[in-house]
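For the sequence shown, the numbering used here assigns the number 13 to the initial residue and increments by one for each residue that follows.
Derived by calculation from the structure, the hints in this document are not laboratory data.
Remember, predicted model here, so these are calculated numbers, not experimental data.
Please note that a few of the clues may not be correct.
What the hints assert, rightly or not - Calculated cross-link-like contacts (lysine-lysine; reagent style DSS-like; alpha-carbon spacing at most 27 Å):
# : residue 1 : residue 2
1 : LYS75     : LYS50
2 : LYS173    : LYS129
3 : LYS77     : LYS50
4 : LYS173    : LYS50
5 : LYS129    : LYS50
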Amino acid sequence: MSITAPFIVNDEALDVLFRDAHTTSVFEDTSIAPEVIKSVRDLVKWGPTSMNSQPLRIIEVPKDKRSRLVPHMMGNNQAKTEAAPLAFIMAADTNFHNNLPQQFPAGGNGPRDMYEKNEEARTAVALQSANLQAAYFILGLRAVGLGVGPMGGFDANAVTKEFLRDGEQAIMVIIAGVPAGTDSYHPRGPRMDDADVFRVAD
13 MSITAPFIVN DEALDVLFRD AHTTSVFEDT SIAPEVIKSV RDLVKWGPTS
63 MNSQPLRIIE VPKDKRSRLV PHMMGNNQAK TEAAPLAFIM AADTNFHNNL
113 PQQFPAGGNG PRDMYEKNEE ARTAVALQSA NLQAAYFILG LRAVGLGVGP
163 MGGFDANAVT KEFLRDGEQA IMVIIAGVPA GTDSYHPRGP RMDDADVFRV
213 AD
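The whole structure should be built from the sequences, with the hints applied where relevant.
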């Protein structure tokens with residue numbers, strides 16, 4: 013069997029998820045129902061992670077708690093975070109290994125015991141897979157028509173201390189909402205040429 017068709021989803025979906033999507037920083041004053049975000053979480057949980065570890069923890073910071081988050085954001089990210097309809101902390105749970113016997117039953121207790129003894133490897137896996145899941149979450153938010161602004165400009169240690177549980181590490185803050193027209197984002201920056209980012213092994 014040979015596959016020659018490039019995509020099995022239509023161009024409209026590809027435009028929403030990738031081609032026409034922008035990092036968004038200004039939003040309409042429109043509320044988003046909790047069930048919309050729940051539908052996103054229910055969809056993106058199916059994305060793959062290492063050994064089905066699923067280490068991402070998503071902490072929504074509602075408006076009445078936003079004052080605890082904003083001071084830990086850098087520069088212009090403070091105003092964006094304060095004004096956005098939705099704000100989420102993306103965190104990696106470095107204690108994910110405790111769930112592996114249930115989440116990865118094929119491995120028995122072996123993977124859990126292995127990571128229990130190796131904190132460095134455990135943390136690396138948690139960060140890798142949690143960042144992967146955060147990308148799924150971004151695409152899921154776009155799929156329901158929201159603009160998304162992922163940000164790394166914040167004091168991760170302070171956010172971790174303020175909001176997170178034992179073993180969790182803040183990796184990203186995401187703001188989201190209905191984009192306020194074309195003024196809600198900067199012109200698209202150039203993307204690198206395929207020849208600069210892809211090659212076949214020698």
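Restraint check for LYS173 with LYS50, where alpha carbons must lie at most 27 Å apart | holds (26 Å)
Are the Cα positions of LYS77 and LYS50 separated by 27 Å at most?
-> holds (20 Å)
Proposed proximity, LYS129 with LYS173 (alpha carbon, max 27 Å) = holds (25 Å)
Under the criterion that the straight-line Cα-Cα distance not exceed 27 Å, is the pair LYS75, LYS50 satisfied?
-> Since the Cα atoms of LYS75 and LYS50 sit roughly 18 Å apart, the hinted pair holds (cutoff 27 Å).
Would you check the hint for LYS129 and LYS50, treating anything up to 27 Å between C-alpha atoms as holding?
-> violated (35 Å)
In terms of the numbered hints stated before, the structure departs from hint 5 and from no other.
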